[in-house]
Amino acid sequence: MWALTALLLLVPSGGRAATLEKPTLSLHPPWTTIFKGERVTLRCDGYHPPLLELRPISTLWYSGHLLLPSHKKSIEVQTPGVYRCQTRGAPVSDPIHLSVSNDWLILQVPYAAVFEGEPLVMRCRGWYDKMVYKLHYYHDGKAVRYFPSSANYTVPQARASDSGRYQCSGTMRIPVESAPMFSAKAAVTVQELFPAPVLRVTGRAEARGGVAVRCDTRLHPQKRDTPLQFAFYKYSRPVRRFDWGAEYTVPESEVEELESYWCEAATATRSVRKRSPWLQLAGRGSPLHLASTSAAVPQAATSAPGNQPLSFRKPPVSRSASSATSVQNTTSSGLQFPAGRAPTAGPPACVPPTPLEPSAGALKPDVDLLLQEMQLLKGLLNRVVLELKEPQAFPEHGGTLETSTSHFAASGRTPETTIVES
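Using mature numbering (1 follows the signal peptide of the UniProt record, and there is no 0), the letters of the sequence shown correspond one by one to residues -17 to -1, 1 to 405.
Just so you know, the hints here were simulated from the structure itself, not pulled from any lab data. Zero decoy hints are in this set.
With a cut-off of at most 20 Å between alpha-carbon atoms, the simulated EDC-like pairs for lysine to aspartate or glutamate come out as follows: (1) Lys217 <-> Glu230; (2) Lys56 <-> Glu4; (3) Lys206 <-> Glu175; (4) Lys168 <-> Asp145; (5) Lys168 <-> Asp112; (6) Lys113 <-> Glu21; (7) Lys19 <-> Asp86; (8) Lys257 <-> Asp208; (9) Lys56 <-> Asp77; (10) Lys361 <-> Asp351; (11) Lys217 <-> Glu239; (12) Lys168 <-> Asp86; (13) Lys19 <-> Glu59; (14) Lys257 <-> Glu242; (15) Lys5 <-> Asp28; (16) Lys217 <-> Glu240; (17) Lys206 <-> Glu101; (18) Lys5 <-> Asp77; (19) Lys257 <-> Asp226; (20) Lys117 <-> Asp86; (21) Lys125 <-> Asp145.
Assemble the whole structure, with the sequences as input and the hints as a guide.
This is how it looks when you write it as structure tokens:
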């Protein structure tokens, strides 16, 4: 009986094992490429059961699909491959790709993911730490940094644009200075810490009045413990500077300008800072929109168009008088009332004045004048073409075309077009 009780206390339950997270595999030194003959240390951090268990094996190591004989928390390796580890009852860790090079020059990049705002460090190493001279670093084939001798290339605050393929080149004295040598290319990916936030309306703030909005974003799972701060703006004016709260209450007096609000999310050091788009309201008829307009209905029914703007957004209204009167019990503000309950005060004032449309008779003189001018232009163009072809046919016209046209304009009469046959 005692042995059974001890076994139940020491062996992890299935429910606990099911909730364990995968262990973290780390590399020391933190470079994925080494020279042939060098060793690195792999360490597996995660849940490790007590040594009093009947099965003390706590860590499993894999190279590719091959199970390694070691069960320690850390191991040393010097062969290339894809390494993983696993602790009791937990999933397999993320892999680490280790490369072994026999080149004179290698570019060493971090093994772990680099996130936005973090420093990105890479190192160009000569064979067994020989000094490298005239050192160049390249990003996607373009030179980005030069050093006269061996030095690390550091991006203080990495951005997504820093992702790509890197390479280095330099010379070494073996024993005399060599020609420039190039390393193999290494891929670097800068992970997104969090996407651009989105400003959303969460509802009415009953306690203080107004509308509550929230600046929503989502941290990367590996960085979910990173604290973020939020700021809120109306147009370009900050209404609340950076603080830990992701919510803000828009005052009741500014509810009608909700679409002029946006927000920012940033880390505490401002190394990563992203803004949201303008607030997008839901379609008309949403609970928030109806709630904001329900209190203003009686005033809307008695307001004349010349008064101040109403306290709610008005839907588009057709300009034709027939569409404004085709639906009964409907005001110009787009608010519908049940039959028999339409407002009795000032319905004509709510109908927008119909603009006067120009009649067909008023347009006819303008059309006739336009046709006359077109006929005049056509005749003048024909005359110019004929005069250019046969100048002797018009000896009497020594003046310019401008004189004729000015004469017609001054006379105010319709010019007659003269057709000259050749």
